[in-house]
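Quick note, the sequences are listed as chains L, S, F and A, same order. Residue numbers for the first sequence follow the numbering used here, so the first one is 1 and each next one is one higher. Residue numbers for the second sequence follow the numbering used here, so the first one is 479 and each next one is one higher. Residue numbers for the third sequence follow the numbering used here, so the first one is 957 and each next one is one higher. Residue numbers for the fourth sequence follow the numbering used here, so the first one is 1435 and each next one is one higher.
Calculated directly from the structure, the hints in this document are not laboratory data. A few of these clues could be false.
To be verified - With a Cα cut of at most 25 Å, we get these calculated DSS-like pairs of lysine-lysine:
id, chain 1, residue 1, chain 2, residue 2
1, F, 1112, A, 1839
2, L, 156, S, 801
3, S, 634, S, 801
4, S, 801, A, 1757
5, S, 634, L, 323
6, L, 156, S, 749
7, F, 1361, A, 1590
8, F, 1112, A, 1757
9, L, 405, S, 634
10, F, 1227, F, 1112
11, F, 1279, A, 1590
12, A, 1705, A, 1590
13, L, 323, F, 1279
14, L, 156, L, 271
4 protein chains.
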Amino acid sequence: MAIRTAAQYLEGLRDGREVYYRGERVEDVTTHAELGIAARHAAIDFELAEDPAHRDLALQRDPDGSEYSAYYRVPRGPDDLRARSRLIETATAEGGTLVILIKEIGTDALFALMRVLARSGETEGLERLQAFYRHCRDGDLSLAVAQTDVKGDRSKRPSEQDDPDLYLRVVEERPDGIVVRGAKAHTSCAPNVDEIIVLPSRSMGAGDEPWSVSFAVPVNTPGLRLYAADFLHGTDDEFVYPVSSRHKMIETLTVFDDVFVPSERVFFSGKPQIAGAVALTFVEFHRFTAVSYKLPLLDAFVGCGIAMAAANGISRAGHVREKLTWLAGYAETVRGLIQLAAQRGQLEEGIAYPDVFTTNLAKWTFARDFHVALEFLQDLAGGLLVTGPSGQDWEAAQVRPVLEKYLRGAWPARDRLAMLNLIGDLTTRAYGGYQAVLAIHAEGSLEAEKLAMYRSYPAGEALGYARRLAGLGEADDR
Amino acid sequence: MAIRTAAQYLEGLRDGREVYYRGERVEDVTTHAELGIAARHAAIDFELAEDPAHRDLALQRDPDGSEYSAYYRVPRGPDDLRARSRLIETATAEGGTLVILIKEIGTDALFALMRVLARSGETEGLERLQAFYRHCRDGDLSLAVAQTDVKGDRSKRPSEQDDPDLYLRVVEERPDGIVVRGAKAHTSCAPNVDEIIVLPSRSMGAGDEPWSVSFAVPVNTPGLRLYAADFLHGTDDEFVYPVSSRHKMIETLTVFDDVFVPSERVFFSGKPQIAGAVALTFVEFHRFTAVSYKLPLLDAFVGCGIAMAAANGISRAGHVREKLTWLAGYAETVRGLIQLAAQRGQLEEGIAYPDVFTTNLAKWTFARDFHVALEFLQDLAGGLLVTGPSGQDWEAAQVRPVLEKYLRGAWPARDRLAMLNLIGDLTTRAYGGYQAVLAIHAEGSLEAEKLAMYRSYPAGEALGYARRLAGLGEADDR
Amino acid sequence: MAIRTAAQYLEGLRDGREVYYRGERVEDVTTHAELGIAARHAAIDFELAEDPAHRDLALQRDPDGSEYSAYYRVPRGPDDLRARSRLIETATAEGGTLVILIKEIGTDALFALMRVLARSGETEGLERLQAFYRHCRDGDLSLAVAQTDVKGDRSKRPSEQDDPDLYLRVVEERPDGIVVRGAKAHTSCAPNVDEIIVLPSRSMGAGDEPWSVSFAVPVNTPGLRLYAADFLHGTDDEFVYPVSSRHKMIETLTVFDDVFVPSERVFFSGKPQIAGAVALTFVEFHRFTAVSYKLPLLDAFVGCGIAMAAANGISRAGHVREKLTWLAGYAETVRGLIQLAAQRGQLEEGIAYPDVFTTNLAKWTFARDFHVALEFLQDLAGGLLVTGPSGQDWEAAQVRPVLEKYLRGAWPARDRLAMLNLIGDLTTRAYGGYQAVLAIHAEGSLEAEKLAMYRSYPAGEALGYARRLAGLGEADDR
Amino acid sequence: MAIRTAAQYLEGLRDGREVYYRGERVEDVTTHAELGIAARHAAIDFELAEDPAHRDLALQRDPDGSEYSAYYRVPRGPDDLRARSRLIETATAEGGTLVILIKEIGTDALFALMRVLARSGETEGLERLQAFYRHCRDGDLSLAVAQTDVKGDRSKRPSEQDDPDLYLRVVEERPDGIVVRGAKAHTSCAPNVDEIIVLPSRSMGAGDEPWSVSFAVPVNTPGLRLYAADFLHGTDDEFVYPVSSRHKMIETLTVFDDVFVPSERVFFSGKPQIAGAVALTFVEFHRFTAVSYKLPLLDAFVGCGIAMAAANGISRAGHVREKLTWLAGYAETVRGLIQLAAQRGQLEEGIAYPDVFTTNLAKWTFARDFHVALEFLQDLAGGLLVTGPSGQDWEAAQVRPVLEKYLRGAWPARDRLAMLNLIGDLTTRAYGGYQAVLAIHAEGSLEAEKLAMYRSYPAGEALGYARRLAGLGEADDR
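Please build the complete structure, drawing on both the sequences and the hints.
Below you can see the structure in the form of structure tokens.
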């Protein structure tokens, strides 16, 4: 099958899927007043592939002449990783700082599963996975990944919870498949994709067999129900929400109410030893994706800071330069580290993966300083961020002249307010809060990133050097 | 006149004042769907004085038997400052972390004007001010302060701006008063008060006479127009906005369109040398008020952190304890410093004022770590902050059971979601952004606070000690 | 006995005590080239009591006419705590930023033991302790406290160590006393005091009886051996070490080689349940002392910063003002918090103790920002800190004129170098490193301080407030 | 001439140069008890070139068969920059974390001069420089760079100083050369090199002609006098100073007392417009060198942290892992950024120079977090850093057994003390202070690095993106 158009993609979402939003069943996610915005945002991925300016980046042509979305290209080395990073960054920039994600995360999951299943000698699972991969690639499908279990009491393991369903599990084995029950939290884009891949969310041990399962199903599978979050609801004033009135991503509580999964869609089941490796490997791939798609937001921060300082007439103040320099340094450190992670990519089982330590360092650097960036931008912008006019004010004939007269800075009021509202949207209103929480929690917490760094740091060299300086022989003291 | 009731206060706001909201003229600020919430929030001040539990704190009884709102008590020493701080903190706690402010800021301005006018020997202005003070106190009036000019290009002085109206100024002197033109930005509570006090916003020099003016007028004065910000618009879902659906404060762009001010309401005019002193002294008083009213928010942060850790079952994790300890230390440092500022209060012209260095240290400490607190709370709460259900979901019969089953933690889903939504309201949604921007900009920026610290630090002792240690004689090297 | 003079104190140290320094036995600690400096520094305590300017602060006169060192005054309320703090601060300022400590820490230990023994109903131990207290007070004795065990492998409890002596323990019980063996690390001032009080260093449990012991012995007790650290060795150039050439404190590895302790000097033995309470209570008292004696160092930092900026001619630079403001804010926050800790002091068993949460908050605030202060001072001072001339250069006739010509700033070379060398001594050379390590480790680590804060924070109020805001009933979720 | 041996190099330093140390004239810098250590440290550069393991890195063989020190290779692209960085890092690692610098900094100056003179069309100066370059390269000479003027009052320009000599200047023009007077501060390695290159230290304007001069002279030129700092004096105990007892670098106050410089050694004179460009360009090259030579120190920090945690038995504590992870992240961020700076190197006038923004970002990242690293290492090591035994204690027969028994951790006492002493040397004693001050001041202050970042940041892309998001057209608002 050829590459799909945006229209074909949207048409594919009208399949009877069971989606709930603000307490009600949604008939058609593509025409719904709010969810439709998210669907059209997702469609940017397909538009990109149609756009001559981005075609080379967005499409892969194999030697045999076949052509498919570049997201599906299995990376074979640093160049592929770099190209993948650039593609994700470019698409996100087109998405107004909001990632598209309908192929990014799914292929992260596919590559991670490929590697772990190959390494573990899980031949049957690997064959099923390869078949599913070809199905998605050749059908130019969009994918969500449901990983994070709802988890209940975090101090307890799956089998210790009061309700065993608090981690998704197999409740019945049938000759032709399995039946699963449970719920996954914050599944991004689920209402706007064709297929959902399910992965375990943590390491498992003996006794955790029912929870050690991975599979994929179409979104309209019976028993699969999506309860969509409305966090970005109400961002309909284009004046004050220049980004979030046009770009949305929807997360769902994804409930599997005794969903039947046919055997050919089960990648593994009942295998605790594989569950943890998959959970971890997926996140390793996915954090590389994550940092790649954070870059446009950080660039926007820097640009907003420079623009706002100019609009307010404060560019020459020492503390303003200090903040602008910090913002630029922050953005470029994250960008630099993710470029290095690609460059240091290593090949295993035929798949190149970005360097784990460097990727996590990049992600952690991004996450730990994000709120400082918010503070600096809010500082540069001024109190008008929360006391400025609404779009209705701007449109009102009796109000706009007042605003034009009194809200100018070194820039005219219109331009200055446009920049203020952009900063407000990115840092002070719902979308700002959304990005702030994603910075901390998406793709794993800061604690998880630090743990990954700790585990992947090649301690030998530094340790050996310290021991030599101390006059001691070599030894591994970690 | 006796103390007014909340009903009397609200009735007083129905006086034909010219208020605009979302592009339209507001007929009655007390019954308007959104502004009415702010009016009722402001009325908490009057309810407090009626409440036996708070009466002693909220009312002042003079030896002559007269009784008036304790906000109007001129502080005569540390005890009065402490009582004032406690009153402000208590009222804000009743206001759900949102300051009431309809008497706090106005009396800050009155006390500051009293001190500067007395010190400067401005007898006539002082008499007018005292008369106005008695009018407000005896009428139990509510007050707003319009200080911050819209300022245009920040790199230019008032007289250098392209439009001289970008700082409020006197455009005409008449035998019985003055006519003023200009606009003040982010005037808090203006639609919900009886009188507006106008102060200059910066130091002035020779040539700045027209901009060196201070006065007070009733809000329904002809030519005075309030353009209200709608930043907290749309926070109507009580489930996800437990605080901001019930508590609002409104800021206005306050436009003086050739407003006539009778002489007896003009405190000074054409006096640059007084303008700067008033601007600064007001802020010194007001930062003490500000830190006092930040305390309930900080306490809420600590309490939310502890509660959320329990609800999620993560209280025993090391990094969780670290964050909770940090939050408690942050809140208590700010509280401790403002207590010290009161204790170190000094008397001048019969008015006690909190120690300037310590007050600014408290405010700066509050402001510079605020975004860290946001980050920690968001970290403790989890991604559900932005992917959780809406009130409509919770009310829907087909959805709530799913949420109850799957969104429980170590607490039941209802309680856990209540705490999550509180944190979301305080840190991630509009009210959180509002508080974040106020932390940075209200009562002066971080830079202004540092400058005040630098100027008020009594360097002599530390410098003398360093010189002695270095074997040098004493000298002032500052 | 009357108050002792400095000479009497020094004479008392010549008692055959077994002290080792740089590999050799020290004959007389008062005349030794390096240790003598420490002895004379310690004597400042006695000089202070003789100095009319400090007499009132340094001496306590009881209603019965008896007079003794104010360090021995049992605090009965906030006023006593404040006076104690001021005394410690004053003595340290006289000591050139270096604490005297020969009565401070010992009385901390005595007060802590009094409280715990009284609370625990340990009548016999309490009587012995009271007798020892009177002995010290009436004899105007100086005291060291040996608490920190050498600890071996930190991941193991006392009874799990390969060598049971790695925590000090009772090896023999005799009718008239006990025999102890073990070593305590970094005992401050041990060579320069009359008596050493031994305390356990951690909580103990069942099975830890031999390690649960507390007692006091004279320093010249047979079997007690002090191995003195030479960290401040070589700071003999008064030009570059204006402080540390004149002021030293000595820490020892304090070895108890089967030392016999008579029964009347044993405060408790074999009581694990008391051991932990004593260890903790001592540290609570001692951190209050610690913060009190850090203040002169912080004042010196601020004063050095201001002076150095003047000397270099950089006082008007924005980043310089920023750093000076930060330094002042840091010093005053620590000072403010310790004043509050005194003010919030609580009485138990007749002894006032400073508020635990506030004391630890003060100490943690001091410790966590200390290295930032070092950085800022080094930044303000300039590279000459490590490339400047030696005292020999300054004394050399052929060199000094060159230095005078070329090393002047906005100050003459002599004064500028004096201030540079003071900063160098305080931040860049051995004494600076000494203070840096003490900031982190003395009186417990930052982790210990945070743990104390976590445990002592009165969570109820904040938690209750958060629950009310969330619409939940009250409950303790900690 | 062939590559010189270490012996030949040392022999070359015995040329009658006028060096003062601790107030006395030094006869022979190679045999002096303390300076000799610095000379032998410098000689590591020559040993490296003789060492088969490093020969390929240390030597450059040109197509014409000529062979010379790789430091003299003019970089032509990213590969050369990377190789140069690796060479500097390797030599520094051999130097025990202390840079060698006798060719690094000199070639930085030569390359910077080449670029600026070529760009400015200064043909004559460029020819003289090329001749000098060949002289140094072919003679395998060692070089120092004297740049930082002593500067006097920092608030004044050269011509405003009370004494015009406070910036080095031309006092006489002769037919065959110039006579210069003045002093340069902290010239590294001056006593141990063959030639000194003099550069201006700041931008100059009209009227600053006498101070706008650059030249090179042999160290034994008459009138050139070196006053060496003794900061690392006294680090002779190999037990407690494992690094600084063996490795030293010497800075001098470098005085030009009417030194005659022949015309062929004058690169430019009386040209203010060139002075600033040279000062800046040199620093751009030199910061790349600087970050390269900081890496071994950072690696040592990480290794010491890991080793010390193991030695103390605290590797499993959460806060310990947190600190180790931070240290590794810090080191690798700096390393990653400097690799990127090389990779992004740009060619101009035939010379590749590292990307300015990225280089400064790397340097600033290194410098701003250095004191945090010190704190973490001191925290991990423990109080024994300042209370531990001396080398004399360890050697004493009566003391060592006590230390062996009581100062063991999870490691034997000997190994644990070796690691403690290494950390003490690197962070707590003189060498630690030396490195701390270098981190802040060497190669320009943090403020200078931030200014360089601000100026070199390519703002257009981020700004354009922000403007597009805000719905505004493109414009340069910087």
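Which numbered hints turn out to be false for this structure? 3 and 6
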